[in-house]
Amino acid sequence: MKKSGLQLATIAVIGALTLSSCEGYSSIEDNIISGDVRSPNSALNTNFDGAVFSIPSPIQTGYLIKELNLSFDAKLGNDPSKVRLYVDEYSQSLNLGIYGADLGYSALYDQKNITLKYLSSVENLTNQLGLNAAFNTEFLNSFESKIDDEKEMIHLMSEAFKKADNFLKNSNRKAASALILTGGWLESIHLACQLNSKSPRQEIKQRIGEQKQSIGTIIAILNEYNNNSLHNDLIEQLNDLSLSFDKISIRYEYVAPEIDVENKTTTFMHSTEIDFKNEIVEEIKTKIEAIRLSIIYNSNL
Amino acid sequence: MKFIYIFILLSLSLSNISAQNCEKIVQDCEDLFKTSKSGDDFISDGQAYTAFLDRENAEFNTTFFGGAIYRLATSAGSRENFVIFTIKDLEGNILFSNKNYKNSPYWDFKVKSTIPVIITTELDEDLKVTGCVVMLIGFKNE
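Going down the list, the sequences are from chains A and B.
Here my numbering is used: the first sequence runs in plain steps of one and ends on residue 301.
Here my numbering is used: the second sequence runs in plain steps of one and ends on residue 142.
The hints are simulated quantities; they were obtained by calculation from the structure and are not laboratory data.
Check the hints yourself; a few may be wrong.
Simulated DEER-style distance windows between Cβ atoms [claimed, not checked]: (1) B:N141 with A:R251: 19 to 27 Å; (2) B:K88 with A:K75: 39 to 47 Å; (3) A:S142 with B:K24: 39 to 47 Å.
The calculated lysine-lysine pairs, modelled on DSBU-like cross-linking and capped at a C-alpha distance of 35 Å, are [stated by the list, open to error]: (4) B:K110 with A:K198; (5) A:K112 with B:K110; (6) A:K174 with A:K287; (7) A:K66 with B:K88; (8) A:K287 with A:K112; (9) B:K99 with A:K277; (10) A:K205 with B:K140.
Here a beta-carbon is modelled for each residue, glycine too, at the ideal position from N, C-alpha and C.
All chains, please: the whole structure from these sequences, using the hints.
Pasting the structure below:
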């Protein structure tokens, strides 16, 4: 009997699903495959997530700012009411990253009213981006109920952003994920540059310089997921910013790490020295501001 | 023509299946990620690193900031020691590999001075050849 294309396709899909469910619930023994089974010519030699990228959390720079006892400045963050300007996925994703960093900054400083306004903007954008599963009612209620607990708020929002990141990657919306990370990164450097300008601190200056590798990753991730060349203008501006970071000199000396097996802890013993002039910090600050303003006012770059 | 149709459908199904398996493994990995001996949970860096590997590795760069303790947690399924992860500096010096510690599914790193690193993850092919690998990175201040 001759089968139609549709029938064959149905059988193939059912077969695939069956095989998959077997894998999903297989015993440990099932997962142990002898070397003989492996085929070097397998067509499955693929990495479905494409390249892997990592951007340090913007919250870490927020913690550094707080440790240095720099006073909170509400004017530095993006105005929560501007959220209405963001009507397409590109601007919504970038500004979600920016508002996320601002939310962390205000939460760390126990600024309840401002924190709730940022939470509202984040909720608005996540709804429009279809990220309700991560930023759901349970998250919002938990966050509001922990409004006096800075540590818990930071945990909750970091977990929610991780869930959103995972959801976007699994639903093949990696461009949105890349833009959220970019927005968060830009806002954390913006905060660092502005605060360093008001009251210069060596630690903040150093943290700005330490972004030298991250900007390369930001540009790479935007290039990787540059659907319809939508990121071209932003990449061009970031390439220009990267030229300023290239002027930063980093001296690194390797020293063997110390390992504490019992506590599963390794201590890195290397030394790193970062050297750059204040003029370069100013140059980075100016370029960051230009990029950020075009994002928060949703104007063409 | 019908074979192309079948191939596309099959590819889409496998892709969706991989994503579902990865989702489950992310949840497993979160359990490793949460607790520390001091009782403080690590704060997620807000990203979930996933890769479907078949006799290959996934490599990425990141920066560990000075003054923080990082936890790297990995999972590739119900048994916890399927994944090998290695951290190198930009000069290629190996700073750590869990291969030397029975493929421990998590490890903590005290970072005194900021360092850009290269992290490589791969499946231990003696235990598992193909599958989704998940890594989570968390931090807390020292």
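Status of each hint after checking the structure:
Under the hint 19 to 27 Å, the C-beta atoms of N141 (chain B) and R251 (chain A), about 25 Å apart, fit the expected range. Separated by about 42 Å at the C-beta atoms, K88 (chain B) and K75 (chain A) satisfy the suggested range of 39 to 47 Å. The supplied range of 39 to 47 Å is broken by S142 (chain A) and K24 (chain B), whose beta-carbon atoms lie about 23 Å from each other. A hinted pair counts as satisfied when its Cα atoms are at most 35 Å apart, and K110 (chain B) with K198 (chain A) qualifies at roughly 31 Å.
Straight-line distance between C-alpha atoms of K112 (chain A) and K110 (chain B) comes to about 32 Å, which keeps the hinted pair within the 35 Å bound. Among the hinted pairs, K174 (chain A) with K287 (chain A) is consistent with the structure: their alpha-carbon atoms are about 26 Å apart, no more than 35 Å. As the CA atoms of K66 (chain A) and K88 (chain B) are separated by approximately 30 Å, the hinted pair is consistent with the 35 Å bound. A hinted pair counts as satisfied when its Cα atoms are at most 35 Å apart, and K287 (chain A) with K112 (chain A) qualifies at roughly 31 Å.
Restraint check: the Cα-Cα separation between K99 (chain B) and K277 (chain A) comes to about 42 Å, which exceeds 35 Å; the hinted pair is violated. Distance check on the hinted pair: K205 (chain A) and K140 (chain B) sit about 21 Å apart at the alpha-carbon level, within 35 Å; holds.
In summary, the structure is inconsistent with hints 3, 9 from the numbered list given earlier, while agreeing with the others.
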